[in-house]
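Chemist: Chain residues, written in single-letter form:
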Amino acid sequence: MKKKAVISLRKVWKIYKMGSATVNALRGVTLDVWQGEFVAIIGPSGSGKSTLMNLVGALDKPSRGHIFLDGKDISLMEESDLAQIRGQKIGFIFQQFNLLPALSATGNVGLPMIFQGIPEAKRVERATELLNSVNLGERLNHKPNELSGGQQQRVAIARALANEPEMLLADEPTGNLDSKTGGEIMSMLEDLHTKKGRTIVLVTHDIHLVKHAERVIYLKDGQIEKVVKNHKRGHKHA
Amino acid sequence: MIRDYVLLSLSSLRSRRMRSWLTMIGIVIGMSAVVSLISLGQGMQDSINDQFQRLGTNRLIIAPGGEFLGPGTADIVAPIMDDSDVDVIRNVKGITQVQGALSKTLKVEFKDEIQFDSIFAFETDSDAVDFVESVGLFDIAEGRELKSGDKYKAVLGYNVANEAFDDPIEVGRKILLDDIEFEVVGVQKLIGTGIHDGVIRIPQDTLRELTDEPRKLSMIFALTQPDLNPVNVKAIVERELRKHRDVKEGEEDFNVQTAEQTIGQLNTVLLAVQVVLVGIAAISLLVGGIGVMNTMYTSVLERTKEIGIMKSIGARNSHVLTLFLLESGMLGLVGGLMGLGLGLGVAKLGEYLAIGLGASFFRMHISTLLIVGTLMFSFVLGMFSGAFPARQAARLPPVEALRSIK
Chain A
1471 MKKKAVISLR KVWKIYKMGS ATVNALRGVT LDVWQGEFVA IIGPSGSGKS TLMNLVGALD
1531 KPSRGHIFLD GKDISLMEES DLAQIRGQKI GFIFQQFNLL PALSATGNVG LPMIFQGIPE
1591 AKRVERATEL LNSVNLGERL NHKPNELSGG QQQRVAIARA LANEPEMLLA DEPTGNLDSK
1651 TGGEIMSMLE DLHTKKGRTI VLVTHDIHLV KHAERVIYLK DGQIEKVVKN HKRGHKHA
Chain B
161 MIRDYVLLSL SSLRSRRMRS WLTMIGIVIG MSAVVSLISL GQGMQDSIND QFQRLGTNRL
221 IIAPGGEFLG PGTADIVAPI MDDSDVDVIR NVKGITQVQG ALSKTLKVEF KDEIQFDSIF
281 AFETDSDAVD FVESVGLFDI AEGRELKSGD KYKAVLGYNV ANEAFDDPIE VGRKILLDDI
341 EFEVVGVQKL IGTGIHDGVI RIPQDTLREL TDEPRKLSMI FALTQPDLNP VNVKAIVERE
401 LRKHRDVKEG EEDFNVQTAE QTIGQLNTVL LAVQVVLVGI AAISLLVGGI GVMNTMYTSV
461 LERTKEIGIM KSIGARNSHV LTLFLLESGM LGLVGGLMGL GLGLGVAKLG EYLAIGLGAS
521 FFRMHISTLL IVGTLMFSFV LGMFSGAFPA RQAARLPPVE ALRSIK
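Quick note, the sequences are listed as chains A and B, same order.
Just add 1470 to the spot in the first sequence (first one is 1) and you have the numbering used here.
Just add 160 to the spot in the second sequence (first one is 1) and you have the numbering used here.
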């Protein structure tokens, strides 16, 4: 079976202007994220990792080169249309959880569905189901400030799954958690990959986390330094 | 669909409860000022229109003085109307009744207390009495109306009888007008206008005798045939009076007004006063709107990160715009709702105070238009004030918004 790319970057440059100086955050990166794979992007700070994650997450557009999401070139799209596609195809998991403080767990998980125009009854049903799947069935109506860090990150995972995205994009998902809780979150992500066949992109500086990935992309000075296949993992789900 | 956005906006407002309330106070104050002024103004207009409606529109008021001086200036310019004018008007076709009235200010004495009050005198034949009764502003509460054969008899306005003097003057008591004793035969109902409640009425012949002016009149009232347009009859009256008084058109030393004209003039004045007052109140509304704008700007700054999050999980610019507009619109709407309640309360209080002061005709007016208009306006005001901040929020690039610390 031919592998299908969820997102493809072709000779992508990202250039920032800082006053008179220009910074080449990314220099001609070419990369495919294949459906069903668990890929990690690792690199020290300043390597262009955050920039790459923004581009892979369709949060930003490249200065040069092309990015194809679901076959469409996003560098040609309006931000608003990009938002719509982002909401459908990509589920974000952030280091700081990034839940809306005014909303309950159910409300937070339901929010991406509101932006896709899904009716309330269906939203609540799906949010409840997702929160149950991350073992938060008892915390449906809790606000983020009533939840522990690990619980908040689990709400964030449930939210990322709300619109059945093609790819989960996790940016340092354990960065704000103690190692035990962080481990739980990582095994949850791994389960989503192995048991549910989710495509996962993990962006991190933590070398210990990359053992969960099938493929590790090392980034340095805005370029891909090397790509390593992790043979201990593999397509267990396939 | 829009319901979801309304609920989202509400939850966001609730999470900033204190600031939301403070912001709304501005709108509440402005709106309540506007609402109370409008409802009182409308009420005043209604009661004036009502009173004129009761009198009928087929009335003409003829007073000395040019057009621009207006009625009521009769005592300032030389009172230059008399019985001959009444005769001229009586002969105009389309006029059914003419009554001349003489008004003077006289010394009034009761139990050694002295005041100067305006005396109003109609004739006392049965036609005149019918006319006075038909006006509705001189209704008798106690005692009786003046009648033919009365000489030193008087009817007192409500305030003259009950408030002007230390002791109330009851029917049957004697008062002195220019040192001549009059018997009080009647007291009028409380009308609510200073002129009618503060008047003393005596027979016209008596007043003429007292003032030694056998023919002079201050004002002439005429009724037109109900099936004729009073404006047309008015033109004939004017023409005949010009002939009689030997003045050219445009240089009249008298003026004839239809009831509609009088009411129109009053309404114009009232409208002008209302516009000024509501305009002043609107300034506070403007300040309230700026308060909303300020709060919304602060909110955008504070929630930059939230906006970034929403955008990262699929919110379009239009979604963010809608959320922020609804939020500011709701600040306006809830503020407007409370302002409406408070304003109507203030108006009701004003009504009580006015009635307590004797202006019984004063009624606040609550119209559906006012209520719906207030609520719509306050919502739009809120949205309008939030438009710029909302646009700013909607246009934030997601990457930068997400990077924000807040």
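Calculated from the structure, these hints are not laboratory results.
Where hints are given, some of them may not hold.
Distance condition first, Cα-Cα at most 27 Å in a straight line; then the derived BS3-like pairs of lysine-lysine [as the list claims (entries may be wrong)]:
{"#": "1", "chain 1": "A", "residue 1": "Lys1681", "chain 2": "A", "residue 2": "Lys1542"}
{"#": "2", "chain 1": "A", "residue 1": "Lys1473", "chain 2": "A", "residue 2": "Lys1613"}
{"#": "3", "chain 1": "A", "residue 1": "Lys1531", "chain 2": "A", "residue 2": "Lys1690"}
{"#": "4", "chain 1": "A", "residue 1": "Lys1559", "chain 2": "A", "residue 2": "Lys1487"}
{"#": "5", "chain 1": "B", "residue 1": "Lys465", "chain 2": "A", "residue 2": "Lys1487"}
{"#": "6", "chain 1": "A", "residue 1": "Lys1592", "chain 2": "A", "residue 2": "Lys1473"}
{"#": "7", "chain 1": "A", "residue 1": "Lys1473", "chain 2": "A", "residue 2": "Lys1699"}
{"#": "8", "chain 1": "B", "residue 1": "Lys349", "chain 2": "B", "residue 2": "Lys394"}
{"#": "9", "chain 1": "B", "residue 1": "Lys465", "chain 2": "A", "residue 2": "Lys1613"}
{"#": "10", "chain 1": "B", "residue 1": "Lys465", "chain 2": "A", "residue 2": "Lys1531"}
{"#": "11", "chain 1": "A", "residue 1": "Lys1592", "chain 2": "A", "residue 2": "Lys1665"}
{"#": "12", "chain 1": "B", "residue 1": "Lys408", "chain 2": "A", "residue 2": "Lys1559"}
Chemist: Could you run down the list of hints and mark each one as holding or not?
Modeler: Status of the hints after comparison with the structure:
no.: 1; hint: A/Lys1681 with A/Lys1542; verdict: 32 Å, violated
no.: 2; hint: A/Lys1473 with A/Lys1613; verdict: 41 Å, violated
no.: 3; hint: A/Lys1531 with A/Lys1690; verdict: 20 Å, holds
no.: 4; hint: A/Lys1559 with A/Lys1487; verdict: 30 Å, violated
no.: 5; hint: B/Lys465 with A/Lys1487; verdict: 23 Å, holds
no.: 6; hint: A/Lys1592 with A/Lys1473; verdict: 32 Å, violated
no.: 7; hint: A/Lys1473 with A/Lys1699; verdict: 16 Å, holds
no.: 8; hint: B/Lys349 with B/Lys394; verdict: 32 Å, violated
no.: 9; hint: B/Lys465 with A/Lys1613; verdict: 18 Å, holds
no.: 10; hint: B/Lys465 with A/Lys1531; verdict: 19 Å, holds
no.: 11; hint: A/Lys1592 with A/Lys1665; verdict: 24 Å, holds
no.: 12; hint: B/Lys408 with A/Lys1559; verdict: 90 Å, violated
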